[in-house]
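Trainee: Sequence:
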Amino acid sequence: MGTFELVAIVTLIVLAFGDLFVGVVNDAVNFLSSAIGAKVSSRVVIMIFAGIGILIGATFSDGIIEVARKGIFFPEYFSATEAIILFTSVAIAEIILLDLFSTFGLPTSTTVSVVFELLGAAFVLACWKLGGIEEAWQVINSASAMKIIIGIFLSIAVAFVAGLVVQFFSRLVFTFEYKEKFKRWGFIWSGIALTALLFFILIKGGKHASFMTDDIKEWITSNTQTILICLFAIFTAISFVLIKLKVNLLKIIVLIGTASLAMAFAGNDLANFIGVSVAGTHAYLGSDLTGSLPTPTWILLIAGIVMIIALVTSKKARTVTDTTLNLSSHENHVKNQWKSNVVVRKFTELIGFMLRTISFILPERGRKWVKRRWTHNDNGNGAAFDLLRAAVNLMVAAAVISYATSFKLPLSTTYVTFMVAMGTALADNTWKKDCAPSRLTGIFTVIGGWVITGIFAFIFAGITVSVLYWAEIYGLIALVIAVMLIVYKLSQVHKKRDEKMTEAI
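The sequence shown begins at 14 in the working numbering and counts up by one.
Keep in mind that the hints are not guaranteed to be accurate.
[Claimed, not checked] The calculated lysine-lysine pairs, modelled on BS3-like cross-linking and capped at a C-alpha distance of 25 angstroms, are:
no.: 1; residue 1: K194; residue 2: K257
no.: 2; residue 1: K445; residue 2: K359
no.: 3; residue 1: K264; residue 2: K192
no.: 4; residue 1: K194; residue 2: K264
no.: 5; residue 1: K52; residue 2: K230
no.: 6; residue 1: K192; residue 2: K381
no.: 7; residue 1: K328; residue 2: K52
no.: 8; residue 1: K509; residue 2: K352
no.: 9; residue 1: K194; residue 2: K384
no.: 10; residue 1: K445; residue 2: K328
no.: 11; residue 1: K194; residue 2: K328
no.: 12; residue 1: K196; residue 2: K384
no.: 13; residue 1: K196; residue 2: K328
no.: 14; residue 1: K52; residue 2: K359
no.: 15; residue 1: K142; residue 2: K192
no.: 16; residue 1: K257; residue 2: K196
no.: 17; residue 1: K328; residue 2: K192
no.: 18; residue 1: K52; residue 2: K445
[Stated by the list, open to error] With beta-carbon atoms standing in for the labels, derived distance ranges:
no.: 19; residue 1: W387; residue 2: I201; range: 20 to 30 angstroms
no.: 20; residue 1: C243; residue 2: E148; range: 51 to 61 angstroms
no.: 21; residue 1: I163; residue 2: W198; range: 33 to 43 angstroms
no.: 22; residue 1: I163; residue 2: K328; range: 12 to 22 angstroms
no.: 23; residue 1: E148; residue 2: N236; range: 41 to 51 angstroms
no.: 24; residue 1: V325; residue 2: I494; range: 24 to 34 angstroms
no.: 25; residue 1: I494; residue 2: I247; range: 50 to 60 angstroms
no.: 26; residue 1: K196; residue 2: I247; range: 16 to 26 angstroms
no.: 27; residue 1: K230; residue 2: L314; range: 13 to 23 angstroms
no.: 28; residue 1: I494; residue 2: R369; range: 51 to 61 angstroms
no.: 29; residue 1: E362; residue 2: E512; range: 36 to 46 angstroms
no.: 30; residue 1: A491; residue 2: S300; range: 42 to 52 angstroms
no.: 31; residue 1: W198; residue 2: A156; range: 46 to 56 angstroms
Worth flagging that the hints you see were computed from the coordinates, not collected in a lab.
Quick caveat, the model's predicted, so the values are computed rather than measured.
Note that beta-carbon positions come from the ideal geometry of N, C-alpha and C, so glycine has one too.
Take these sequences, add in the hints, and give me the full structure.
Mentor: Shown next, in the form of structure tokens:
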């Protein structure tokens, strides 16, 4: 290994911290949206719960980091130097792409970005090395890559439908005036919610924690059904007692859910932030990238601490969070940010017609009964939605994310949390005639940004890997300077946008 490789590794380690910052700003804020939107507590309290979840979840992420190293391409086709070039180019492209989206308040997927960056970098590097597209395609682990990509985009539909269904039945049972009804039946709902959170996070996700022994994992797998039954019985009993003691159980669930979703985020998305840096370091040390290379727990904990610092200090984090809250709120000010067009309005009318047609399946008395249960009165506290919806957002999102993480399937926490929030908002009848087109425009804009993410990620990584491959250390210096200038320029753009929005308010 020469000077270039050493400088590249040092740069890669520094870039890992940059990726953690820009990644958390865009992605991790999604688990804060429910707690902040429902105004469950002060921001300090919410951050404390989220921070605890991140630290614990960071130690659960070792298994899925393997995806960044060998899940997208076959590392045996590249030398150690070429692997370092590839991973460094991905880290550089990741910082530029995520900071760009965060500047304009668009939540995107760190998972999609890193997957397509690995695809772009590996494919372009193989083209330069092997001399042809057909030869380069042999380097790509197409079966694994397609499985990951399909899983990511399938999670969009799954998350939306799950949020819609769970919120619909929750609202059907408890209505918007849920406080009195929750006193009678809330202990059962709470037992299910807490069991789902703990099972998917601590048991399913925890199976891949770096400190878990094989005996404990085997015991968990063999006794899953018994554990579920016991957890449900315990949490239902505890919930019953707490409700009788007039404890606001929904607040507790939302705070626990925030910590749980933070754990799922750290367990799933830490691979996107430091996976390429860890892989590059292993390549520099001469490790076999095709084998099993566990990441030390202390590295994962340091990464968790850096994520917490980024989450607390970043102003762009609030900008991204506001986008989700704006589109899921009961308020109609969504029209001020998202301007609809004729096509979207006609599409909205078609959806409304279909829903009305389906509703006629119910007898008239049934329709009136359902309509009464969706009567909503503003509580006057300025919250985007109530605690019941916030709890459903967190419970469903945590379940989907953690279940995928337990099978080492990288999915987008952004896609899941955003689509769950959109599904629960639709179930809560926020898509009223006057604002539905604007909401749909906003959702299409965000989803369109997700598609652009993959295209940009592939192109950016292809450019950066080409510069590093041909110019080596001179190209690395030029790219680092370019990253610094771009990040600085984007910070100025965000500052101006923030000032304009403040003036508009």
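Trainee: Looking at the structure, which of the earlier hints fail to hold?
Mentor: Going through the list in order, the structure violates hints 5, 10, 11, 13, 14, 15, 17, 22, 30 and respects the others.
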